[in-house]
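Novice: The residues making up each chain are set out below.
There are 2 protein chains.
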Amino acid sequence: MAAVETPIACCAPLAAPLLDEQEAAATAELFKALADPARVLIVNALATKAGPVCACEFEPTLALSQPTISHHLKKLTDAGLLEREQRGKWAYFSLKRDAVEKLAAVADLKGVCC
Amino acid sequence: MAAVETPIACCAPLAAPLLDEQEAAATAELFKALADPARVLIVNALATKAGPVCACEFEPTLALSQPTISHHLKKLTDAGLLEREQRGKWAYFSLKRDAVEKLAAVADLKGVCC
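Heads up: the sequence lines are chains A and B, in that order.
Letter 81 of the first sequence, counting from 1, is numbered 81 in my numbering, and no numbers are missing.
Letter 74 of the second sequence, counting from 1, is numbered 74 in my numbering, and no numbers are missing.
Keep in mind that the hints were calculated from the coordinates and are not lab data.
Incorrect hints may have been included.
A pair holds if it fits inside one copy or across any two, identical chains being indistinguishable in the list.
[What the hints assert, rightly or not] Straight-line distance between alpha carbons at most 27 angstroms, and here's what the computed BS3-like set of lysine-lysine pairs gives: (1) K74 x K32; (2) K49 x K74; (3) K89 x K75; (4) K74 x K89; (5) K89 x K49.
Note that the coordinates shown come from a computational prediction; the quantities given were computed from them, not determined experimentally.
Isolated chain A (complex conformation):
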């Protein structure tokens, strides 16, 4: 099976000299993964926790069904933003350090504009 290429691996900063179409698409994919209030809340929750968080822990905060939460967690994982670890019945999630650094770099336009 071919490895799934994640947008995070190739997306380029908005301020990079001149993005080509492929880089722009990858960067847009990364923003798309975060273009949903539930996914923003999940990333926010993970950013404020020290360790991996069980998929089961998001239900009370998000007021969404478990399948919907799993869908959002999958989108964030596919975008390369989360690390997923299976522990028995449940999966545990944490933010990926390199993804976090990439996201900050992608969104940083300070010093190049205005």
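Once you have looked at the hints, place chain B on chain A.
Specialist: Using the frame of chain A, we list chain B on its own:
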């Protein structure tokens, strides 16, 4: 006419202690504005230019029709990321400094996670 409220005015960093639903929605709106390759390319082009850029200048680079380009410029302006200035027939666009700083702050999770 009531002022249009822009997401940029109220969106919160992903790493903020605990976002409420309204803040998460505003933050997601900001990412949504950038969740499109053409809009990433527009912001990229503006980031690499010193002054305002005419809406007419994007057509060769983006290979899109002028109405489509205007649509993307409107989305970015509505999200609070661009400044729009009418000069005769054409509108000129530049990145908004406070929006750029907000975007960088919103996406910055370094130091709080992993």
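Novice: Please go over all the hints and tell whether each is borne out by the structure.
Specialist: Against the structure, the hints come out as follows:
Both within a single protomer and between protomers do K74 and K32 lie at most 27 angstroms apart by alpha-carbon distance, with minima of 13 angstroms and 18 angstroms respectively. For the homomeric pair K49 and K74, the shortest alpha-carbon distance inside one copy (19 angstroms) is at most 27 angstroms, but the shortest distance between copies (37 angstroms) is not. In the homo-oligomer, the alpha carbons of K89 and K75 lie at most 27 angstroms apart inside one protomer (20 angstroms), although the nearest pairing across protomers, at 42 angstroms, exceeds that limit. For the homomeric pair K74 and K89, the shortest alpha-carbon distance inside one copy (16 angstroms) is at most 27 angstroms, but the shortest distance between copies (46 angstroms) is not.
Taking identical chains as interchangeable, the C-alpha atoms of K89 and K49 lie at most 27 angstroms apart only when both belong to the same chain, with a minimum of 21 angstroms there against 52 angstroms between chains.
The structure agrees with every numbered hint stated previously.
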